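Start counting the sequence shown at -11; every next residue gets the next number (this note's numbering).
Keep in mind that the hints were calculated from the coordinates and are not lab data. Please read these numbers as outputs of a predicted model, since none were measured by experiment. Don't take every hint at face value.
Unchecked claim - Dumping the calculated DSSO-like pairs for lysine-lysine here, alpha-carbon to alpha-carbon at most 30 Å:
#1 K42 / K24
#2 K42 / K59
#3 K24 / K59
Claimed, not checked - Pair ranges (Cβ atoms, derived):
#4 S62 / W84: 17 to 27 Å
#5 G93 / D52: 12 to 22 Å
#6 W73 / I23: 25 to 35 Å
#7 P51 / I23: 29 to 39 Å
#8 D40 / V97: 13 to 23 Å
#9 S38 / W84: 31 to 41 Å
#10 E30 / E61: 13 to 23 Å
#11 G25 / S62: 14 to 24 Å
#12 I23 / D52: 13 to 23 Å
From the three backbone atoms N, C-alpha and C, an ideal C-beta is built for every residue, glycine too.
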Amino acid sequence: MAGYSGGAMLRARSLSTYNSAEWVQCFCMVNFDLIKGPKVLETIPEGAVSDDEKSLLARIAFPDYAPQDWKQESYMLRYRVSTEWRYGAAIFRREWDASCERNQGAQSVLCV
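Sequences and hints are given; from them, build the entire structure.
Here it is in structure tokens:
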């Protein structure tokens, strides 16, 4: 094959699932409650983040602005723990629910 570089294949493998433990710390499920505010419901693996970090993740898990017609949105995030920057991705989802106070429920799933 013309232009094939074996080194490129090795570099591509460096981001494979073989070393995902090095770049994925955890997944978090965050729920927004109008009375109590945002709360991390679950982390996988359990105990992967401290209680202080859970509180921070709950606050940044939702977009600052969500127009009424938004149902789902994804975005990147960055936050600091001590002197270290951590990065993540969030998928925000809003569903209309007549049983809720504002007729909607909102959740986010984070990959940190």
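Original post:
Do E30 and E61 keep their Cβ atoms within the hinted range of 13 to 23 Å?
Top reply: The hinted range 13 to 23 Å holds for E30 and E61, with Cβ atoms some 21 Å apart.
Original post:
Lying within 13 to 23 Å: is that true of the beta-carbon distance I23 to D52?
Top reply: 21 Å, holds
Original post:
Should the hint that G25 and S62 are 14 to 24 Å apart at their CB atoms be regarded as holding?
Top reply: With Cβ atoms ~22 Å apart, the hint holds.
Subject >> W73 paired with I23, Cβ distance criterion 25 to 35 Å >> reply: 33 Å, holds
Original post:
Would the pair K24 and K59 pass a check requiring their Cα atoms to be no farther apart than 30 Å?
Top reply: Roughly 22 Å between the alpha carbons, so the hint for K24 and K59 holds.
Original post:
Regarding S62 and W84, is the given constraint of 17 to 27 Å on their beta-carbon distance met?
Top reply: 20 Å, holds
Original post:
Does the structure keep K42 and K24 at a Cα separation of 30 Å or less?
Top reply: With Cα atoms ~15 Å apart, K42 and K24 stay inside 30 Å; holds.
Subject >> Range hint compliance [Cβ, D40 to V97, 13 to 23 Å] >> reply: 21 Å, holds
**OP:** Please test the hint of 31 to 41 Å on the beta carbon pair from S38 and W84.
**Re:** Because 34 Å falls inside the window, the suggested range holds.
Original post:
Between K42 and K59, is the straight-line Cα distance small enough, at 30 Å or below?
Top reply: Roughly 24 Å separates the two Cα atoms, so the pair holds.
**OP:** With respect to the beta-carbon atoms only, verify the hint that P51 and I23 lie 29 to 39 Å apart.
**Re:** Since P51 and I23 have Cβ atoms about 20 Å apart, the given range 29 to 39 Å is violated.
Original post:
Cβ-Cβ distance between G93 and D52: within 12 to 22 Å?
Top reply: Given range 12 to 22 Å: holds, Cβ gap about 19 Å.
In terms of the numbered hints stated before, the structure departs from hint 7 and from no other.
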